[in-house]
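2 protein chains.
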Amino acid sequence: MSDGNLVISVDAMGGDNSPRIVIEGLALAAKHNPDVRFLVFGDMEKVRGEFKKFPALNKVCELRHSAEVVHNEDKPSQVIRNKNTSMYQAIDAVRKGEAEAVVSAGNTGALMAISKMLLKTIQKIHRPAIVSIMPHRYGKYVMLDLGANTECNAVNLAEFAVMGNVLAKHALGIEHPKIALLNIGAEEMKGKEEIRHAAKMIRTSTMDMDFIGYIEPHEVPFGKADVVVADGFTGNVALKSIEGTAKLIRSMLKDAVHKSFLAKFGLPFMYFAAKRISKTMNPKLYNGAMFVGLNGLSVKSHGGADGLGFSVAIGNAITLVRQNFVATIRDELERIDLEEISQDIYYELY
Amino acid sequence: MSDGNLVISVDAMGGDNSPRIVIEGLALAAKHNPDVRFLVFGDMEKVRGEFKKFPALNKVCELRHSAEVVHNEDKPSQVIRNKNTSMYQAIDAVRKGEAEAVVSAGNTGALMAISKMLLKTIQKIHRPAIVSIMPHRYGKYVMLDLGANTECNAVNLAEFAVMGNVLAKHALGIEHPKIALLNIGAEEMKGKEEIRHAAKMIRTSTMDMDFIGYIEPHEVPFGKADVVVADGFTGNVALKSIEGTAKLIRSMLKDAVHKSFLAKFGLPFMYFAAKRISKTMNPKLYNGAMFVGLNGLSVKSHGGADGLGFSVAIGNAITLVRQNFVATIRDELERIDLEEISQDIYYELY
Chain A
115 MSDGNLVISV DAMGGDNSPR IVIEGLALAA KHNPDVRFLV FGDMEKVRGE
165 FKKFPALNKV CELRHSAEVV HNEDKPSQVI RNKNTSMYQA IDAVRKGEAE
215 AVVSAGNTGA LMAISKMLLK TIQKIHRPAI VSIMPHRYGK YVMLDLGANT
265 ECNAVNLAEF AVMGNVLAKH ALGIEHPKIA LLNIGAEEMK GKEEIRHAAK
315 MIRTSTMDMD FIGYIEPHEV PFGKADVVVA DGFTGNVALK SIEGTAKLIR
365 SMLKDAVHKS FLAKFGLPFM YFAAKRISKT MNPKLYNGAM FVGLNGLSVK
415 SHGGADGLGF SVAIGNAITL VRQNFVATIR DELERIDLEE ISQDIYYELY
Chain B
115 MSDGNLVISV DAMGGDNSPR IVIEGLALAA KHNPDVRFLV FGDMEKVRGE
165 FKKFPALNKV CELRHSAEVV HNEDKPSQVI RNKNTSMYQA IDAVRKGEAE
215 AVVSAGNTGA LMAISKMLLK TIQKIHRPAI VSIMPHRYGK YVMLDLGANT
265 ECNAVNLAEF AVMGNVLAKH ALGIEHPKIA LLNIGAEEMK GKEEIRHAAK
315 MIRTSTMDMD FIGYIEPHEV PFGKADVVVA DGFTGNVALK SIEGTAKLIR
365 SMLKDAVHKS FLAKFGLPFM YFAAKRISKT MNPKLYNGAM FVGLNGLSVK
415 SHGGADGLGF SVAIGNAITL VRQNFVATIR DELERIDLEE ISQDIYYELY
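Chains as they are written, first to last, in the numbering used here: chain A, 115 to 464; chain B, 115 to 464.
In short, the hints are calculated from the structure, not lab data.
Some clues are possibly wrong.
[Unchecked claim] Each computed DSS-like pair below joins lysine-lysine, with the alpha-carbon atoms no more than 27 Å apart:
| id | chain 1 | residue 1 | chain 2 | residue 2 |
| --- | --- | --- | --- | --- |
| 1 | B | Lys393 | A | Lys378 |
| 2 | B | Lys306 | A | Lys230 |
| 3 | A | Lys292 | B | Lys361 |
| 4 | A | Lys389 | B | Lys160 |
| 5 | B | Lys210 | A | Lys398 |
| 6 | B | Lys238 | B | Lys160 |
| 7 | A | Lys254 | B | Lys234 |
| 8 | B | Lys234 | A | Lys306 |
| 9 | B | Lys230 | A | Lys304 |
Working from the sequences, and respecting the hints, build out all of it.
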């Protein structure tokens, strides 16, 4: 694996239908990224069984046996002590420098806990965050934090803005991403103190140029911002509200068409229109939440993802590694001294 | 107006197209509630002009001239000092006992500030809340707080549960509403401290029977709970995320059909299916956020509502007044001593 190629570490045992789905996703990702190599951790007997369906994988994968598996109900405090799980070993490969990113469909809390312990937080970052790429009306945006930190202070939020900014530049290719703080009003004095304080910090920093202030949740789907920053509780509530509503409408549409005799006749006419929407809004295409702020990249695939979904998560990891994501965040933080800015604002405010 | 009929006070000057829309809504509401009387506050010249279109209104309305209007950009601290606005006078009619509820499409912050000042918070309630009735897959639910209180403690949340419970019983006719706290995980230890504390309080109270624990935002649209309780920041984020996503999908569907030559042919077949969805999900039918926890009821119509929407807001006010909503909340709070429960739990926890 030391032939100079980019290497991604894969936990083959996470998710609802592992290792089958994981290997299907791996096969898809490998096909699209012939220059990438993979380290695959898991129960070798099961993994080899799946590999038989995709013989091409043998050339680009190195298999490593892990005796144990992290389960969904396992507590973070337990999993960080068990070095024999496929998840632990897949992350540890990044720590050892054998791989540049890890992808797992396993337990989110466990993946975060082990990643934090093994990869450590980037020196100037206080808290890592969970980020996703999401679709809006006219393109894509990144939103963070999606649940790593239930409560955040202003410095945390400003750090998320720095990381989101780098992510939008690299993963979405937007030269000057519009950065916004998620809030419940557009006026200067609205919302929580930490949000107002973070706004002041960002305005004082070099991000000022790209900062558009507050964004309200109903504006997010219409592309007002490319980077949406929130604490992990709020971001998670927004994300799950969006997901739930989309699922509700999908099920109501299906139900309404099903119950209407006439609508069934109209359905074939709708084929291309439906395909157009599914092409931009298909949740599979947005699979892969990234843990950022660590010395290395962990990508969490949805546990219920299918092969296509898992391949998208691997694709996210590859894109960010290619763009030198972690190093760029380190550089950005060298340029922007958030601690100093925070102190200055603190003196100003109190 | 003292003939024993139920009286609703109406601010004719709030909202985007007042007083036209307000009077249209009033006409609709009056038609459906022939036994209700209305006190209408506003610029009499303009209001009389609109009344000409609905002569039947003259029999059930009393018009009162207000010289001034609350504007959208007015600050709560200003509006509470100006007794000459239609909003102030409409609320004051409830304080004086001339009307039992007030409906306005004006500035939310102003309506809350004046309502709090004039109607005062119910003795055992610490903070009033904003509630809405919302559609889910199989019916309706109530969610609160939607933005009156950016930060809440456990007692506030438990009080919201009491009020939401009464509201679901009375406005939705559910005998034993399922009560849940909005959180980002289902496990006991997830989320913020005040949410976990509130859960303990509710379990200790007589609401225990109907309490189903935590609800995650993506479960809300599928009817898992009839009462969804959150702090005002979180509730507002959830509400606006739901609204934004629904709007996004609506606009994408329209766009996709518009761009597909074939889909236009299919459209007529979809008529009844679309009508079925619009019948349950039409946002107009869910207009009218209620301010609860005050000695009297204030209902806020969306500023951009049309006549049908405004009539729904009036309808909400009428339903709750008929059910003696304020008195029932007072009774419930007599039965459930939240302060005492909170103290007990506090001693237990620390």
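Structure-based check of all given hints:
{"no.": "1", "hint": "B:Lys393 <-> A:Lys378", "in the structure": "holds (20 Å)"}
{"no.": "2", "hint": "B:Lys306 <-> A:Lys230", "in the structure": "holds (21 Å)"}
{"no.": "3", "hint": "A:Lys292 <-> B:Lys361", "in the structure": "holds (22 Å)"}
{"no.": "4", "hint": "A:Lys389 <-> B:Lys160", "in the structure": "violated (50 Å)"}
{"no.": "5", "hint": "B:Lys210 <-> A:Lys398", "in the structure": "violated (58 Å)"}
{"no.": "6", "hint": "B:Lys238 <-> B:Lys160", "in the structure": "violated (41 Å)"}
{"no.": "7", "hint": "A:Lys254 <-> B:Lys234", "in the structure": "violated (46 Å)"}
{"no.": "8", "hint": "B:Lys234 <-> A:Lys306", "in the structure": "holds (25 Å)"}
{"no.": "9", "hint": "B:Lys230 <-> A:Lys304", "in the structure": "holds (19 Å)"}
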